[in-house]
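Novice: These are the residues of each chain, in order.
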Amino acid sequence: MAGPVLSLKGLGKRFGASPVFSGVDLDVASGDRIAIIGASGSGKSTLLRCINFLERPDEGRVILGGEPVGEARQRGGGTEMRYDERALNRLRQRVGMVFQQFNLFPHMTVIANVMEGLVTVKRIARDEARPKALAELARVGLADKAEAYPAHLSGGQKQRVAIARALAMEPEILLFDEPTSALDPALVGEVLNTIQSLAEDGRTMLLVTHEIGFAYHMATRVIFLAEGGIYEQGTPDEVLKAPRRPLTQAFIAGHRRFNF
Amino acid sequence: MYSWNFAPVLANSDLLLAGLWNTLALTFVALAGGLPVGLALALARLSGTRSLSVPAGIVIEVFRTTPPLVQLFWFYFGLPIVLNVEMTPYLAAALTFTIQSGAFFAEIFRAGIVSVDKGQREAARAIGMSSTQTMARIVLPQAVKRMFPAMMERSIELMKTTTLVATVSYADLLYQANELAQKTFRPLEVFTAAALIYFVTISLFSALGALVERRMAASGEMAAR
Amino acid sequence: MAYRWDFAPILDNWQALAAGIAGTLRLFLVCLVLGLGFGLLVALMRIARQRPLRWLAIGFIEFFRNTPVLVQILWFYFALPMLVSVEISPFMAAILGISLNSAAYSAEINRGGIQSIEPGQWEAARSIGMSGFQTLRRIVLPQALRRVLPALTNRGIEIFKMTTLASVVAYVELLHQGKLVASLNFNPLEVYTVVGALFFLILYPLVRATYALERRLARSD
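So the protein sequences, as listed, match chains A, B and C.
Using numbering that gives the first Met the number 0, you'd call the opening residue of the first sequence number 0 and step up by one each time.
Using numbering that gives the first Met the number 0, you'd call the opening residue of the second sequence number 0 and step up by one each time.
Using numbering that gives the first Met the number 0, you'd call the opening residue of the third sequence number 0 and step up by one each time.
Next comes chain A alone, as it looks inside the complex:
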């Protein structure tokens, strides 16, 4: 069997003096769908953002497709990581991200949003990028909105465009950072359905979410973050239905209103 697509080794992040998490180890195999849950402030989003280096981890390593990201240098008794800007840009092409606030580019049409990475980053010619972007829009059911501007879309449609924008780069892994938290309850369903269909395609993904019910159905593995690290992990049945440790139990008990 091939090695993990993504590994985190002893990953840690501090904000100022206070650690957010430390010593996080994680192996993600191809086709894994990992739901990351935890109380607010437990560092779920920060962990996700350390994977594509929107936040610089303070310790540990990110290993993508067997290649460690960045170079370790000895300095003053400790090891310091150095990250080359261009290497990070290459990594980000291989790791797609979907944001809580969508972050569509408001000055570009929907199709231009999806084409942007193909044209400016992958240097694909426009007439080649366009059909590809249209295909991704069709996949999320928004081909008819190609020429609209983001301001004219609903929240759910915006998030589906954002998913198409990430998919267009053909990433090996997709990161979802609370993709439905900014949506009206009525619009959550369409976005979850889109993510579900990606899951059925066998895509590798990490999903930070508050939708415990969705996590249960979609994920192959669930990670519960607490006390500055991975507090408990296992299959959805193990973590969400029969948590073993007290903080997980308290957290799940607080979400009883969800039907599994």
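These aren't lab readings, by the way, just hints derived from the structure by calculation.
The reader is advised that the hints may include incorrect statements.
Have a look at the derived ranges for each label pair, beta carbon to beta carbon [as the list claims (entries may be wrong)]:
1. B:Ala31 to C:Ile57: 30 to 36 Å
2. A:Arg81 to B:Val81: 40 to 46 Å
3. B:Leu23 to C:Val32: 56 to 62 Å
4. B:Pro35 to A:Ala71: 39 to 45 Å
5. A:His151 to C:Ile57: 33 to 39 Å
6. A:Asp26 to B:Lys117: 30 to 36 Å
7. B:Val84 to A:His151: 54 to 60 Å
8. A:Arg89 to B:Pro35: 46 to 52 Å
9. C:Arg53 to A:Ser17: 57 to 63 Å
10. B:Pro35 to C:Pro8: 36 to 42 Å
11. A:Gly212 to C:Tyr210: 39 to 45 Å
12. B:Leu90 to C:Trp121: 51 to 57 Å
We put the beta carbon where it would ideally sit given N, CA and C, even for glycine.
Chain A is already provided as a structure; the job is to place chains B and C on it using the hints.
Specialist: Below, chains B and C without anything else, positioned relative to chain A:
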């Protein structure tokens, strides 16, 4: 009761128009220079590298805080001594107003750039765009739309400030008016005519700017915000 | 060969420059009071219910904002005496030009501030029986002026910079005195460097204070 007589002004209208032409030329040169200088200063100030941000900050603050006429005198009378070169009124004025408007534009650029939501930058970086691509394709296009009214206002301020070059004998509209007033002994008519020419020109540019602004506000992506 | 800076002649002429600073401050204070005071008046005219008042205010604001202040000063100095047959001193011409110009700008600032106050404030004041004028004076203006304070301080700084234009009509202020010293000692580089530095030293604290005001206002709103 004073009896107005605009005939001498009309007879010499070519002088005033030549002055207006020079005023416009100087304004556009300073604008064409000031915009890139302003952008460079803003990017340097925001760079996070102290060796860039500190000098940029000093240039911006000094040129925004000192009177433009003092700057002009310094460039016209002082700088040639340091550099040991000839200085023409035109060169001194172009240099002064390029840097001076650059300093003001820099603050407009900076404010525009920081007003763009952090998520925009992150989304661009997340699909692998470099920081230069992110700035050029995602941040600046959004910033420029927001900055446009302030830019327009600054450009009109610049046009008014160019009158200062008359004091170093560059033949702009005001200088020509002053010459004509002395020649014709009709300062009231000449200066009134000059003021009206400025008023009409500047009002036209203001109206044009307002029109472009409305057009931009009506264009697709801004409408539903 | 590098130029050798020599500041000694400037120190010898410090009294001339000090007289210049005094002239600058005098002109600045008069223009500040007149400009901002008149600006408030024009702003009130601009939002008055009477149409002639509004039109008068608009005409004034547009004309003085859309012509260069140096043209205004020269007009008052050279042209106005033809019309009114009174002696116009350089000081008077500078005061007229700078004050009226600043009034036009600060009128627009004040108007923006007054119009930024929510209609609910007017309604609440009127509903407890206050007159229109009382509402303006006791409820709207205090809030509006607080909001536009940074913009008005900025205007003040602009007025200070504008005072140098009075040198063009030979009013005795700092730049004019600098010109004099420079022409006597053939040292324009040192003189204009010092004059610029003096303006910076006087104005930069005001600039910082304006930044601080802006930040404080942004936080409290």
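Novice: What hints, given by number in increasing order, does this structure fail?
Specialist: 3, 8, 11
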